[in-house]
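Each chain, written out:
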Amino acid sequence: MNDSAPLPGPSGLPSHDESVAYVKELGKPTSAEVLRSARSAERVALQPRCGVGSHAQMMTLLRDLERHARPDVLSLTIDSHTRLKRFENARAVLLQNPADLNGYPLVTHGWERGRELNEAVSAPLEIRHGSPDARALFRTAVASGITSFEGGGISYNLPYSKAVPLAESLAAWQEVDALCGDLAERGLVVDRELFGTLTAVLVPPSISLAINVLEAVAAAREGVRCVSMAYPQGGHFEQDVAALRAIPALAARYLPDSVEVHAVLHEFMGVFPRERANAEDLILYGALVARLGGATKLITKTYLEAYGIPDTRANVDGLLLASRANSPLLGFITLDEDRIAEELEWILQEVAEIVDPVLAAPDLYAEIASAFAAGRLDIPFSASRHALSEIIPRRAPDGAIRYFATGSLPFSGHTRKRNARGLASAGAGSAGAGLGDMVKGLTADINYFLNVFGESPAPPPS
Amino acid sequence: MNDSAPLPGPSGLPSHDESVAYVKELGKPTSAEVLRSARSAERVALQPRCGVGSHAQMMTLLRDLERHARPDVLSLTIDSHTRLKRFENARAVLLQNPADLNGYPLVTHGWERGRELNEAVSAPLEIRHGSPDARALFRTAVASGITSFEGGGISYNLPYSKAVPLAESLAAWQEVDALCGDLAERGLVVDRELFGTLTAVLVPPSISLAINVLEAVAAAREGVRCVSMAYPQGGHFEQDVAALRAIPALAARYLPDSVEVHAVLHEFMGVFPRERANAEDLILYGALVARLGGATKLITKTYLEAYGIPDTRANVDGLLLASRANSPLLGFITLDEDRIAEELEWILQEVAEIVDPVLAAPDLYAEIASAFAAGRLDIPFSASRHALSEIIPRRAPDGAIRYFATGSLPFSGHTRKRNARGLASAGAGSAGAGLGDMVKGLTADINYFLNVFGESPAPPPS
Amino acid sequence: MHESETRTVILGVAASDSHVVANHLIAHALRAKGFHVVNLGTCTTVDEFAEAHAEYPWAEAVLVGSLNGHAYEDLQDLPAARARGLLGCPVVLGGNLSVGSRKDASHLDRLRALGVDVILSDPALLPATLDELRGSRSSGPVPVSSTAA
Amino acid sequence: MHESETRTVILGVAASDSHVVANHLIAHALRAKGFHVVNLGTCTTVDEFAEAHAEYPWAEAVLVGSLNGHAYEDLQDLPAARARGLLGCPVVLGGNLSVGSRKDASHLDRLRALGVDVILSDPALLPATLDELRGSRSSGPVPVSSTAA
Ligand code: B12
Ligand code: B12
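First to last, the sequence lines map onto chains A, B, C and D.
Under the numbering used here, the very last position in the first sequence is 795; numbers go up by exactly one each time.
Under the numbering used here, the very last position in the second sequence is 795; numbers go up by exactly one each time.
Under the numbering used here, the very last position in the third sequence is 151; numbers go up by exactly one each time.
Under the numbering used here, the very last position in the fourth sequence is 151; numbers go up by exactly one each time.
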């Protein structure tokens, strides 16, 4: 509990059986159980992001969040040294100034402290990180009795690292998934949440969902039994609702019945308004999208999003505001169902065009790697060299995210035309426009909500 | 500013011209101007209830509310001694323990202190009180440069006092309205808000609106130029939205074009849930009703409603939560317009059946008094002997408020049948049921939102 | 002391207070249980309660509601009335008894000090309370601080 | 010192940081203005920046983005590199430069102490800043703490 005391040395991890027994004795539900009961109660489970470097402060943070906001699941957000396996850097910063860490270095702190955290609160914990190779972290998490683990061989590689080959991350995550399979056989279903949020900014729904499907299929093959597919709120209501509703449809089409699938929404993950009132409008909006789209879980934001990692109070306030979306008094809201149905059809069509050829290949992992190399699979704004980022998303005049450039995605002519049509009226498509104009247009699309709220695009103080 | 200093003695009030000039120099908009600009911006103006006995604390309260929540209009809620002209009691409590007052005794403090309050904030002030005879209070308010004044000869008598004859309160309010007419001619339009909220609990929309119409017609005849018609949220979405939308329709039908008319919603004024989360669901719901019903202004509640007068922080939180309803991101919400249109038609029909005979009489004031004496006009749960309270409201199974007993209201057979039909399925109408059953049913209807949220009907700690 | 067949109570809302919904419901409910309810309604001063008690000296209790937070101020005249030998029956008080959202116990103490005999929060407990008061009355003096709040 | 016709800059995101959207946009924008942008992308260590500078010694500046709050830790090796005579050009830093939502000025000071020459928040100011740096460079040593942040 005392950060200035020497850190526990690398210690032998308990066996899977011991960890499963530990979870059973913990006396709290697993993440999978919480998700299942939220779904059957038709409410959206809420989860904050939270992670600080110091163990003592992490305890306090979790306890305070639970006491004041009663989230359904709590996060251990891991620092970005740990996610890149720079454990020595994490240790160095931890010893020098834990407040400089942007997350909790679980591997460095060790699983005994993980159990301490787990025992401190009654909500189950999830590890949120961004590791292309999360094996050490996963083992520490299981030993800590933590029942939900985010990531995947694609979604925790391309947005998070520069040069890790996909083959490597896919293999590492295959191992994590297989460990989950083993745990499931021993009686512990770990919720494996896939990070369909990707690079978060202007992600076309069909890209997010296609990656979700590929990782889910891979996970299911290794014995994973509970999959959460996450989608980042894009900002266009009917498109976002359709994307969430696509998740059960995709699960039915691509996954065995034995796998439980949940839809997770990330409240808007792009440029956030700076004014508190505007940020709160956006937070509530995101929560309503989750509710009306039928998401099982919502990952919340705070009014400090534009500024930096929020303080506890802001995190609590974000959760409480989002929980208004679970109000029993919103039955009066009806939606433009025709428009949603149309978006849903398009999304399912695009996802099929992207994933069907990949799933038809004999070796899924090899095919994923070579499809990314060739651009048949792609994500916008890749942090990694191993995706081409030839696809360019833009917003249509109504705010929907469309493909401005489809790169080498194996899209039908019909899909391509529909996307072009959506953007044509935006003037975004003027083929003659120079790079400068394109960057200007993209920037405006990224700053979408600033425009909605009439905030200037000036960046927050560094 | 110092409550222990001697209170200012009764001092000569400035002339109307001096007060009008003072308001012009104040450098802030009048309430009428704020309402007009909210309406043209299509946003709901927000206003808290607030009033404490001590002058210094009232200053602080107004400033704190403004700083933290930027309401569009601020209230001076007056204590209930002052509203009954028990000025000596107000003075006694003020000197002994100002915290024992449930509002600000403006007459006792005097108009110079009223101006101090007015100058302390940039939002215009409204006096909210409940005085059957508000003449002294009105004169003090005008001298304080306060540009909005709530009440009316019916709505501030029947819910607030036991034995004041209507002829008396109507005459007192006729004087107040005439003073407003005089001020309007001198260039100051005072917003006269009518308290259609009445006894607040289970008020059938057509009763609230009928009283609004009668008071508005009376006010317009005396030269009042800006009328706010207030309606208490009943809890049924389509009915409440229809009631708000009825207000402009009634204004067009019954009032001259020269009178500006605004719709005001009171967030639910009945038994409030005790749990903070549930109370906040109800607060947000009320704010959404205001927005979607096109109200110009919303009077907010707080999560402490069930307990007592809220502290400043709770009041701020209530305003901030309600302000989410002004979000530009709610355009996705569509409503059951057919259902709303149906309710609207019913409401307009019922109001016409109530008010048309009264307005046809040669002497409006005399007719109002004798109609109440005969039950042709009536309100449920009257605090006054001068209304019969023969009408009994109940909730239909869908939560809508209907007439269980229409008393001596001059309703058509059609209206009576429609109301009975609405309730029939509730089993509320079983004519043979005893008084005990009726009270049980009424109590359940009053506790409606406790049931929605699954809270027990146990009363809050006294 | 006069004892009628039907039991009588005097009901009303405190002097500065116009909250009347609970008052209506309590009157209905007690009548449904067979009580004769003399309902003085809202804004009832201590003097009015005393007059009513003088008119119905067999009334078992005076039931006062107070919601607006002014209970203490509104019952200021109770000690004087009692000193004059008025209101000799138990005074039962219920509602929201002080201004503000966070209540401490002291505000109840000062009400008892004024002479309030019973402080109740749930009106459903009134019949049982009245029975109990009648029981203790026939056997001895008015209990001074029995409370269910 | 080699001066090519087209002006060259080295761009990248700090060592532990994968936030890349601004990086893409800045690269595009500078290219649209005619710059040759050597974009090292995300997760770029000080050593990698130094290697790139050794390869493009005529580069006018190294532009580092840092969003995840780890700027200080990620630039720990900058003094050592400078001591070895590497990265002789101005280092311009921008983004979200410390962990947390309430920033005080001290975190900028410690970055300057590491050898960061310019701290900028708005990337639109980059071209003007680069012009200014070139101007002051031809006339004297690298300015140590000009800042527009
Ligand atoms: C409706 C209402 C009004 C209506 C009343 C209409 C009428 N004539 O009845 C109107 C709008 C006129 C009104 C006005 C005011 N109100 Co008002 N009102 C309410 C409200 C919203 C509901 C009350 C109600 O009818 N409830 C339904 C009935 C059935 O329940 P109840 O009254 O709570 O009573 C229960 C118990 O208290 C108990 N009980 C009640 N009486 C008795 C008596 C006995 C003997 C017993 C045993 C039990 C008992 O049994 C009931 C059932 O559980 C409450 C807040 C709330 N949501 O509860 C505020 C509230 C009571 N009002 C309040 C105030 C301050 C006022 C004003 C003074 C405001 C002002 N300064 O302008 C005015 C002035 C009125 C006056 N002169 O007294 C405050 C009281 C604050 C405090 N104690 O700290 C409350 C709590 C609101 C708040 N949170 O601030 N109000
Ligand atoms: C999208 C996003 C992500 C994506 C990034 C995808 C990708 N590969 O790019 C994902 C989901 C992967 C992600 C992950 C993380 N993120 Co992040 N992320 C964001 C988010 C929501 C938007 C960033 C963005 O793309 N903005 C659009 C671009 C155009 O603007 P920008 O990056 O803000 O840059 C502007 C300025 O800073 C400046 N600028 C940027 N670079 C440069 C360079 C120079 C030279 C100059 C002059 C200017 C400049 O110009 C830009 C335009 O104004 C922000 C919060 C927000 N809403 O802003 C958080 C945010 C940056 N992330 C944050 C964190 C903590 C993380 C994580 C470390 C969380 C964790 N512990 O798990 C991880 C780890 C990533 C890592 N290893 O570094 C924090 C940083 C906290 C802090 N500094 O206190 C933020 C602020 C969120 C928050 N409020 O907590 N994130």
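In case anyone wonders, no lab produced these hints; they're calculated from the structure.
Virtual Cβ for every residue (Gly too), placed ideally from N, Cα, C.
Treat the hints with care, as some may be off.
Which chain A residues face chain D? A few, computed with CB under 10 Å, are given here [what the hints assert, rightly or not]:
1) S373
2) R376
3) L417
4) T532
5) L535
6) Y640
7) L692
8) A693
The following residues of chain B were derived to be distant from chain C, with all beta-carbon distances above 10 Å [said to hold, decoys possible]:
9) N422
10) P492
11) S494
12) A496
13) P643
14) D671
15) E675
16) A716
17) P730
18) G769
19) M771
20) L775
Here are the simulated EDC-like cross-link-like pairs (lysine to aspartate or glutamate), alpha carbons at most 20 Å apart as the crow flies [what the hints assert, rightly or not]:
21) K418(A) <-> D106(D)
22) K418(A) <-> E351(A)
23) K105(D) <-> E501(A)
Hints, verified against the model:
For S373(A), the shortest C-beta to C-beta distance to chain D is roughly 37 Å, which exceeds 10 Å, and the interface hint is violated. For the restraint placing R376(A) at the interface with chain D, the shortest Cβ-Cβ distance is roughly 29 Å, beyond the 10 Å limit, so the hint is violated. Satisfaction of the interface hint for L417(A) is found here, the shortest Cβ-Cβ separation to chain D being roughly 6 Å, below the 10 Å cut-off. With its C-beta approaching chain D no nearer than about 7 Å, T532(A) sits inside the 10 Å limit, and its interface hint holds.
A least Cβ separation of about 8 Å between L535(A) and chain D falls short of the 10 Å threshold, and the interface hint therefore holds. Hint on Y640(A) holds. Least Cβ distance to chain D is approximately 4 Å, under the 10 Å limit. Interface restraint check for L692(A): the shortest CB-CB distance to chain D comes to about 28 Å, outside 10 Å, so the restraint is violated. The beta carbon of A693(A) comes no nearer than 31 Å to any beta carbon in chain D, farther than 10 Å, and the hint placing it at the interface is violated.
Not every Cβ of chain C is farther than 10 Å from the Cβ of N422(B); the closest lies at roughly 7 Å, contradicting the non-interface assignment. Some Cβ of chain C comes within 10 Å of the Cβ of P492(B); the nearest lies about 6 Å off, and the non-interface call is violated. For S494(B), the requirement that its beta carbon stay farther than 10 Å from each beta carbon of chain C is not met, with the minimum near 6 Å. Distance check for A496(B) against chain C: the nearest CB is about 8 Å away, which does not clear 10 Å, and the non-interface claim fails.
At roughly 6 Å, the least C-beta separation between P643(B) and chain C is not larger than 10 Å, which violates its mark as non-interface. With a minimum CB-CB distance of about 34 Å to chain C, D671(B) clears the 10 Å threshold, and the non-interface call stands. The claim that E675(B) is not at the interface with chain C holds, since no C-beta of that chain comes within 10 Å of its own (minimum 29 Å). Not every C-beta of chain C lies more than 10 Å from that of A716(B), the closest at about 4 Å, which undercuts listing it as non-interface.
Distance check for P730(B) against chain C: the nearest CB is about 21 Å away, which clears 10 Å, and the non-interface claim stands. Interface exclusion of G769(B) from chain C breaks down, the closest Cβ pair being 4 Å apart, not more than 10 Å. Look at M771(B): its CB is around 7 Å from the nearest CB on chain C, not clear of 10 Å, so calling it non-interface is violated. Listed as outside the interface, L775(B) is inconsistent with that label: its C-beta sits roughly 7 Å from the nearest C-beta of chain C, within the 10 Å cut-off.
For a cut-off of 20 Å, the pair hint linking K418(A) to D106(D) is broken: about 30 Å separates their Cα positions. Distance restraint check for K418(A) and E351(A): the Cα-Cα separation of roughly 26 Å exceeds the 20 Å cut-off, and the hinted pair is therefore not satisfied. Using a Cα cut-off of 20 Å, the hinted pair K105(D) and E501(A) is violated, with the two alpha carbons roughly 38 Å apart.
Hints 1, 2, 7, 8, 9, 10, 11, 12, 13, 16, 18, 19, 20, 21, 22, 23 from the list above are not met by this structure, while the remaining hints are.
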